[in-house]
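> Use these hints to put chain B onto chain A, whose structure you have.
Protein chains: 2
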Amino acid sequence: MKIALDAMGGDFGPRVNVEGALLAARQEGMCVVLVGDQKKIQKELHKTRFSSQSIDVVHAPETIEMHERATESLRSKKNTSMRVALELLKNNEVDAVVSAGHTGAFMASALMVLKRLPGIERPAIAGCIPTLKGSCVMLDLGANVECRVSHLVQFAVMGALYSKIVEKKTHPVVGLLSNGEEESKGTDLLRQANQILKTKELNYMGFIESKELLKGKADVVVCDGFIGNIFLKTAEGLVSAIFSMMKQEFQKRFFTKLAAGFFYFIFKDTLYSFGRRLDYAEYGSAPLLGLNGVVQVCHGRSSSRAIKNALVTAQKSVESHFLEKLREELEKMGIE
Amino acid sequence: MKIALDAMGGDFGPRVNVEGALLAARQEGMCVVLVGDQKKIQKELHKTRFSSQSIDVVHAPETIEMHERATESLRSKKNTSMRVALELLKNNEVDAVVSAGHTGAFMASALMVLKRLPGIERPAIAGCIPTLKGSCVMLDLGANVECRVSHLVQFAVMGALYSKIVEKKTHPVVGLLSNGEEESKGTDLLRQANQILKTKELNYMGFIESKELLKGKADVVVCDGFIGNIFLKTAEGLVSAIFSMMKQEFQKRFFTKLAAGFFYFIFKDTLYSFGRRLDYAEYGSAPLLGLNGVVQVCHGRSSSRAIKNALVTAQKSVESHFLEKLREELEKMGIE
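Top line first, the protein sequences correspond to chains A and B. The numbers in the numbering used here rise by one with no breaks, and the one at position 260 of the first sequence is 260. The numbers in the numbering used here rise by one with no breaks, and the one at position 240 of the second sequence is 240.
None of these hints come from the bench; they were simulated from the model. Be aware that a few hints might be false.
Below, simulated EDC-like cross-link-like pairs (lysine to aspartate or glutamate); rule was C-alpha separation at most 20 Å, straight line [said to hold, decoys possible]: (1) B:Lys211 / A:Asp11; (2) B:Lys39 / B:Asp56; (3) B:Lys185 / A:Glu329; (4) B:Lys185 / A:Glu182; (5) B:Lys164 / B:Glu319; (6) A:Lys185 / B:Glu65; (7) B:Lys133 / B:Glu167; (8) B:Lys185 / A:Glu72; (9) A:Lys185 / B:Glu319; (10) A:Lys185 / B:Glu146; (11) A:Lys185 / B:Asp11.
Where chain A lies over chain B, by a calculated footprint (3+ residues, C-beta under 8 Å) [unchecked claim]: (12) 142 to 149; (13) 208 to 216; (14) 221 to 232; (15) 235 to 241.
Some chain B residues near chain A, calculated using beta-carbon distances under 8 Å [claimed, not checked]: (16) His67; (17) Arg69; (18) Asn91; (19) Asn92; (20) Leu132; (21) Ser135; (22) Glu181; (23) Ser184; (24) Met245.
Don't be surprised by glycine CBs; every beta carbon is placed ideally from N, CA and C.
Only chain A is shown next, with the shape it has when bound in the complex (with noise of 0.2 Å):
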């Protein structure tokens, strides 16, 4: 088995690639092809006097930009290191590709390279949501700004189908995030969405809240990639506020700063725990569902061991053969 990792993605570039995929191929025997400039791989490589039968390079000349248009960049751009890593896994060369680059152009690059699965319009990120029971799924996280009723109905049969192959869950209770439970709530596209999930085989529980979502009442969450990014960022921000907040207060109230350390020190490792369960960047990673190929989005600054994970779980995916049993059931389902 052998994962792709787009060399040059993220905010820090190839040296946190390149030690994520020396991470990967050290601690867990995995073999990585990084790919992009061969030449900045390859410094990157001899910095770390690692020599390993387990590392290809690919050789990619241009990279997109975080600032970049998607679909500008895809026009103009023929051979970035995103593209050159998805045509390897299109023609088997690969199991599965990772990437911590700009999010739209690569799901724009893997639409059209991988096309695709037979019923689906758009492809979402899942993320992994801590909640006070244990965790839901979440989709999507961002990968479409908006969306239309049968991309969400779509979603929601792609999430179901993930936390049953993926996370064992029998019957996966599915909601659509809302501002209110009520059917009169939401957005028309919302409520014309609640009316046709009734109708799946799934088990839909109607509208959810956010706040009931972290209560662990849903295990499947679907929202459109804007509402995802708001929940995620919100989240985020404010764990890290939290975090701030109670070292200036802790510090107030307790006079000695060892005795603030102390305290901030306990108070910051239960917290940290949960907030970077939220944080599905430096967790590892998200995967991109409704592809004709197991691919992993990673946050732009993604540590080396954030994207360490994210190989372990590809390789996972791909063993688990989850992208062939989601194609059955969507059969089955006859959503194709």
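Chain B only, in chain A's frame:
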């Protein structure tokens, strides 16, 4: 000065509203007009054995239930407590109205009875959100589930004026909530609003992400009521989830319950002050901006203390002549 209170509004009915009015009368020397089912109100008043000239009762036979659709209930019910209270305001028999009832119905009634300020198409709920640097005004927090470009632009103008007049900030920084700071982010509608806002006489910073909002990077943050609701409920739900989690965690970590209790007490006290400020209901209330009248909305599950705070805030708003100043400023800006 007299403030009308929708005595039937909120999840707990007349009891909490009557208690809130009595708190305002006793502690703040306020005059409150309780509007609603006279028998029920009198029953609650008798229970408290408090006789005061500062509490009036005005009968209104109908009530809008929380599950009703705003538009339908408005058509079928002409003598609801909120409607009668708003008529009192329109006829200058009271100076402001407070309601913890159905937000959508209250807004629709207020629009019908009081009418909009010149140049404003939709009123917005403006909440005070705690940040690491103090607070920011966020609007709309739920009055308008779907917004047009012009609505968002008007919210920005009203929010900036609120920040200037009420919060005494001289050059409030205004941001538009989006899924990233780059101009290419957001929905079509947000990108259009962004372009228009750049041309307005505002200290406009462009798009802002929710995590930056919490850091205090803007004084005014604009969004539609759906997103505002998701933001608030995510924040509220997360604070509550962290509470539960910390309680469990502390009990795991410190073996005696006594120690756990102590740490939880310290923690709770600190986080609670932040969490409470996030919940506009608990904290008091939020003004509905854009109407010809001072109107405060409270959350359905407001306590009597929250109702009292709302009454006090409404009184202060009247005293500060905010509405007259807002009308003047809107005219000056040529937004009429």
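> Each hint needs a verdict: does it hold in this structure or not?
Structure-based check of each hint:
{"no.": "1", "hint": "B:Lys211 / A:Asp11", "result": "holds, 18 Å"}
{"no.": "2", "hint": "B:Lys39 / B:Asp56", "result": "holds, 13 Å"}
{"no.": "3", "hint": "B:Lys185 / A:Glu329", "result": "violated, 34 Å"}
{"no.": "4", "hint": "B:Lys185 / A:Glu182", "result": "violated, 31 Å"}
{"no.": "5", "hint": "B:Lys164 / B:Glu319", "result": "holds, 16 Å"}
{"no.": "6", "hint": "A:Lys185 / B:Glu65", "result": "holds, 14 Å"}
{"no.": "7", "hint": "B:Lys133 / B:Glu167", "result": "holds, 14 Å"}
{"no.": "8", "hint": "B:Lys185 / A:Glu72", "result": "holds, 14 Å"}
{"no.": "9", "hint": "A:Lys185 / B:Glu319", "result": "violated, 36 Å"}
{"no.": "10", "hint": "A:Lys185 / B:Glu146", "result": "holds, 11 Å"}
{"no.": "11", "hint": "A:Lys185 / B:Asp11", "result": "holds, 18 Å"}
{"no.": "12", "hint": "142 to 149", "result": "holds (count 3)"}
{"no.": "13", "hint": "208 to 216", "result": "holds (count 7)"}
{"no.": "14", "hint": "221 to 232", "result": "holds (count 6)"}
{"no.": "15", "hint": "235 to 241", "result": "holds (count 7)"}
{"no.": "16", "hint": "His67", "result": "holds, 6 Å"}
{"no.": "17", "hint": "Arg69", "result": "holds, 5 Å"}
{"no.": "18", "hint": "Asn91", "result": "violated, 32 Å"}
{"no.": "19", "hint": "Asn92", "result": "violated, 34 Å"}
{"no.": "20", "hint": "Leu132", "result": "holds, 6 Å"}
{"no.": "21", "hint": "Ser135", "result": "violated, 12 Å"}
{"no.": "22", "hint": "Glu181", "result": "violated, 10 Å"}
{"no.": "23", "hint": "Ser184", "result": "holds, 5 Å"}
{"no.": "24", "hint": "Met245", "result": "holds, 6 Å"}
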